[in-house]
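Given chain U, work out where chain Z should sit, using these hints.
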Amino acid sequence: MASPDAARSDADRFDASHTDQPLILFPAPQIFSSITTRRVMGTVIAALVPSLVAAIAFFGTDALLVVAVAVASSVLFEYLWCRLRKLPNTIGDLSAVVTGMLIAFNVPATLPPYMVVVGSFVAIVLVKELFGGIGHNFANPAIVARIVLSVSFPVAMTTYSAPNVVLSGVDAVSSATPLAPLAPSLAPVELLLGSHMGVLGETSALAIVAGLAILLVTRTITWHVPVTYIGAVFAFSLLAGRDPIAQILSGGLLLGAVFMATDYTTSPVTARGKVVFALGLAVITCLIRFWGNMNEGVAYSILLMNLLVPYIDAHMADVPIGVGREKRRWVPLSRSGQKGDGADA
Amino acid sequence: MLGQLEHRIRSLFRPRKLRGADIPHDKVTADQATTYMPLPDVVVLPMQQHIGAKCQPQVAKGDHVDVGTLVGHAEARTAADIFSSVSGTVTEIRKIFYSNGDTDVAVVVEPDGAQALDEGVKTPVITDYQSLLDAMKRSGIVGLGGAGFPTDLKLDVDFANIDYWLVNAAECEPYISSDYREMMEHPDTIMHGLTTCLDLSGVKRALLCIEEDKTEAIAFMRAHVEKDPRVKVEVLPERYPQGAGHVLVHNATGRHIPRGGHVTDAGVVLFNVTTMSMIGKFLQDGIPLTKRRITVMGDAVAHPQNVEVFIGTPIRKIMEFCGLAKDARKIIVGGPMMGYSQIDWDYPIVRQNNGLLVFSEMGMDKPRTTACIRCGACINSCPMKLYPREIQNAYRRGDAAALDRLAADLCMKCGTCSYVCPAKQPLTQATRLACDQVKAARKAAKRAAQRKGA
Numbered sequence: 001m002a003s004p005d006a007a008r009s010d011a012d013r014f015d016a017s018h019t020d021q022p023l024i025l026f027p028a029p030q031i032f033s034s035i036t037t038r039r040v041m042g043t044v045i046a047a048l049v050p051s052l053v054a055a056i057a058f059f060g061t062d063a064l065l066v067v068a069v070a071v072a073s074s075v076l077f078e079y080l081w082c083r084l085r086k087l088p089n090t091i092g093d094l095s096a097v098v099t100g101m102l103i104a105f106n107v108p109a110t111l112p113p114y115m116v117v118v119g120s121f122v123a124i125v126l127v128k129e130l131f132g133g134i135g136h137n138f139a140n141p142a143i144v145a146r147i148v149l150s151v152s153f154p155v156a157m158t159t160y161s162a163p164n165v166v167l168s169g170v171d172a173v174s175s176a177t178p179l180a181p182l183a184p185s186l187a188p189v190e191l192l193l194g195s196h197m198g199v200l201g202e203t204s205a206l207a208i209v210a211g212l213a214i215l216l217v218t219r220t221i222t223w224h225v226p227v228t229y230i231g232a233v234f235a236f237s238l239l240a241g242r243d244p245i246a247q248i249l250s251g252g253l254l255l256g257a258v259f260m261a262t263d264y265t266t267s268p269v270t271a272r273g274k275v276v277f278a279l280g281l282a283v284i285t286c287l288i289r290f291w292g293n294m295n296e297g298v299a300y301s302i303l304l305m306n307l308l309v310p311y312i313d314a315h316m317a318d319v320p321i322g323v324g325r326e327k328r329r330w331v332p333l334s335r336s337g338q339k340g341d342g343a344d345a
Numbered sequence: 346m347l348g349q350l351e352h353r354i355r356s357l358f359r360p361r362k363l364r365g366a367d368i369p370h371d372k373v374t375a376d377q378a379t380t381y382m383p384l385p386d387v388v389v390l391p392m393q394q395h396i397g398a399k400c401q402p403q404v405a406k407g408d409h410v411d412v413g414t415l416v417g418h419a420e421a422r423t424a425a426d427i428f429s430s431v432s433g434t435v436t437e438i439r440k441i442f443y444s445n446g447d448t449d450v451a452v453v454v455e456p457d458g459a460q461a462l463d464e465g466v467k468t469p470v471i472t473d474y475q476s477l478l479d480a481m482k483r484s485g486i487v488g489l490g491g492a493g494f495p496t497d498l499k500l501d502v503d504f505a506n507i508d509y510w511l512v513n514a515a516e517c518e519p520y521i522s523s524d525y526r527e528m529m530e531h532p533d534t535i536m537h538g539l540t541t542c543l544d545l546s547g548v549k550r551a552l553l554c555i556e557e558d559k560t561e562a563i564a565f566m567r568a569h570v571e572k573d574p575r576v577k578v579e580v581l582p583e584r585y586p587q588g589a590g591h592v593l594v595h596n597a598t599g600r601h602i603p604r605g606g607h608v609t610d611a612g613v614v615l616f617n618v619t620t621m622s623m624i625g626k627f628l629q630d631g632i633p634l635t636k637r638r639i640t641v642m643g644d645a646v647a648h649p650q651n652v653e654v655f656i657g658t659p660i661r662k663i664m665e666f667c668g669l670a671k672d673a674r675k676i677i678v679g680g681p682m683m684g685y686s687q688i689d690w691d692y693p694i695v696r697q698n699n700g701l702l703v704f705s706e707m708g709m710d711k712p713r714t715t716a717c718i719r720c721g722a723c724i725n726s727c728p729m730k731l732y733p734r735e736i737q738n739a740y741r742r743g744d745a746a747a748l749d750r751l752a753a754d755l756c757m758k759c760g761t762c763s764y765v766c767p768a769k770q771p772l773t774q775a776t777r778l779a780c781d782q783v784k785a786a787r788k789a790a791k792r793a794a795q796r797k798g799a
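Note that the protein sequences, when read in sequence, are chains U and Z.
The opening position of the first sequence corresponds to residue 1 in my numbering, with each subsequent residue numbered one higher.
The opening position of the second sequence corresponds to residue 346 in my numbering, with each subsequent residue numbered one higher.
With the rest of the complex left out, here is chain Z:
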């Protein structure tokens, strides 16, 4: 209560909202209720469905698995266990290729249709925060907005300096409406997950951050959060990329994440709204994450819709369900701004994917690049106030010092600079490469300094 009052007063003196680009949302699927895809005849479970170390298969060919049976586990700290989404028989453990050229191992399961629950699945008994953390290790939940960061790790923070629990329901990517449907259909599990986390962690206030164009969701969620005075709905401007971590933290609280720092350095924790809902659902029934909602859209899709699919359903099966009206030329997994293009029809939807876009040739060619006219559009739309054009130049001439000076490591890879560029320069691509390079260099420098100090 007091926390929310303080938040309101502080928002009066808030620094300006961060920049971005006006990108048409085209969320045509937002008003349709979620459809439910029937059990596919095969599910493919890659061993990396999260940020972090790859899991090792815990089952062998011919094994029987049930819903919630552990199929992938990694000893590394940054990893999330993978659980079977169906009951059935492991038919194959095979190699699969990511579209970036990386390879991975996948467990292929043929469902038997029984969908029997694994014996180990039971409703978690939550008494304190530590028991919540232990339970979440059995949930298979990762950041469901697209990042895929293991949720149990994200929950494992020191709450001494945390005074905001932010829920990211901005969903700023065009076309995608899966988080929106989560709010409209499961507000109670969202609130259950959120209030449990607030109770156990002791964080005094939470903000449910929604972009201002989603007026129905704002009104709907406002009615649902009324019961809990700690929770309020925060309205964000309708501007891409509101859902990016730095932007959301800044626009909701006025704080910023320091360079090289973590979101907790700003005194906040940040979770996607569907992740919150899945936490709530897991606390109720104890079934690990087995299904998720994805937005299927694109001009080649016969029936654009939000559909709940079993994790590991191949893209081809989903398109058989949704219909394919035109020759497909490009498949995008995730949103059109940050998603990656997929070139394999048999690649599955994994747990952090929130969209599947299939486009015909129209408008999907590589844009023709022309000379930079120094219009400053990239600079004036970068939410982090970076200089994408200068970063691109410095990257091309291999100037590591300049890249560090330009703070290329702050890039969130949101794609705004490439989107707005009238010359269609590959700014995001260059900045992304520069970002990884600077991050690695700063990490190495930090380690070297520590070694010297030790």
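So here's chain U without its partners, still in its complex pose:
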């Protein structure tokens, strides 16, 4: 029998005054993971930092200015919206910072700041807040901002500045995105590093892959969307007789697959749903790129698939354990009941 003396000699450490405070009554569970919305967004920001560094390295202070304007205006729009609508201030969850950075990553470094502000307005006010704020947007805000900007300001949105560091001898100043039909072919190493024309965040494949690693290691996202999307584009390119490496490394594919298509709110919840969603993205992207009259199809494919997410969620749902075969068609999800989140923030 173990001696209780060790504990009993310290019994005088039982101070009755320690029992004076009223005790908290709370239903189970009594503990919570330390992961909060703010921490999730913080992790995404950390994952965007490598691309930010690459953008500044290649496009200089222009890039920094665009990012600063986009982030500041996104946060400001969210703050103003909350103030005007007398809602709890939600800028603390950092999601507006993520949106701002993604908007900046989707525009060229030479874009005039007022156009960046227009993009932030579209993303934060029109796409996010009008539909109910975080968790309620029907599409990825930054993607819609990119589409609205490229439709509204087609020239400014395709005027890419030359990277500061040019590895090959190709004169890249006048060229468009590497996906354009007349663009000079670039060496894969340039596409990998990012010293070529393009919007801020999409040029450096290596930086995006580093961001992907951060997101996967921290379990912020699962592999399903980025791996399926990129893998399917690779396969479809091979089938269509295009250079698969170039298709993957150029344009917005990596940026879209890693940071935009993995947005929680606008992607399916189950693993099966994510795979279906990513396959749809790949099909639309390749159709636009190979046979459409645009060079770039990632943004439109993400927007279109965003709209299908409720249907994918409903039909690719997991069947609960024990329900078994009694329910062949398990359709548990409806988007009708999304009001009243119970947010007491």
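For the record, the hints were derived by calculation from the structure and aren't laboratory data.
Each statement offered as a hint is correct.
In the DSSO-like style, the derived pairs of lysine-lysine whose C-alpha atoms are separated by at most 30 Å in a straight line are:
#1 Z:LYS549 <-> Z:LYS626
#2 U:LYS86 <-> Z:LYS711
#3 Z:LYS769 <-> Z:LYS671
#4 Z:LYS626 <-> Z:LYS372
#5 Z:LYS636 <-> Z:LYS572
#6 Z:LYS769 <-> U:LYS86
Coordinates of chain Z only, in the frame set by chain U:
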């Protein structure tokens, strides 16, 4: 032997283990030997220390009771008799309050220190399964992992379709290590209880299910089960909630309990490891359950430890024994995931409690709830593959049809969804309420259908 071989072959083609959450275990008390708390100056025996009907006091104020004297009994089938854990005098029969607002009657006994055994206590003579069942009615043993289901009722099943006797030693709750200590200290009574039950029931194989992080217990118990070829140790993944009935049955045997069904519908019976050990001990000496081991932990506790206490010892007495280093703000009885918070220092530890956690203010506030970001963490970690977020929505809009469609009644109330939610939405609370509602509705519908048919 053949049963175990078949089990091994089948495990090669087993469906994937159920989901869950990685929750830090923090079982700091696991390696300390159990300490034994001296007799307290009062024990409080509530009349409900089990799932089922409340017992009625069988003693009056001023009566003398001995260890093992019947103090509470209920006529209802689902109930377990309550026996005195000490010898002494009944000083009071008083009302006590549960923290959920419910009230109960408790028999208060002042121990005399003699710990004399009641005359009725004698080693049970077991000849067949029926005699085991009859003996267990005198044991006062309930599910000691926390559920508190009367063990004699749980043993009373038709064994025709049962081919697994599962022993739940997963102990997946953080902090709690009382089952672990039971394995390390009393492997022989566990095996005695288990082999007796296997002999009498005719079940051909048993699995002792342990989470993979408890490597010492796995090796130790493997050495002890070697004697009996019917018994094997099954290693479960280290993932909360391995110890929940549905999860354990699925991960150990690959079967699942059908919706609305009972664990026996999967061809298994499932007992907690400490319960098995107490059955073994009761069969040896016939003394009803009077003591149990609880894990005392938390940042306010001066000496976290596994301590064996007399059933009915008030929380205050246990904390006097273990020491209280900080201002206590929250007392949790049971584990942190499924235990309830207790607001009365004089409330006793009852027989199904396996832990007592006392925390100071730090980290114990109500978390701030923010808007759902549809990350799917609740859905992708629910072991039952439920949709907690959708259940919460349906519950709030009062949509009974949707709750039934969402199978809210399958919820095990394990707390995983609330734990993982980055927005800290009260998902478990909503799902628990929805679960009870759907269960009641399905029961009523079944009864109505039966009436129509009759």
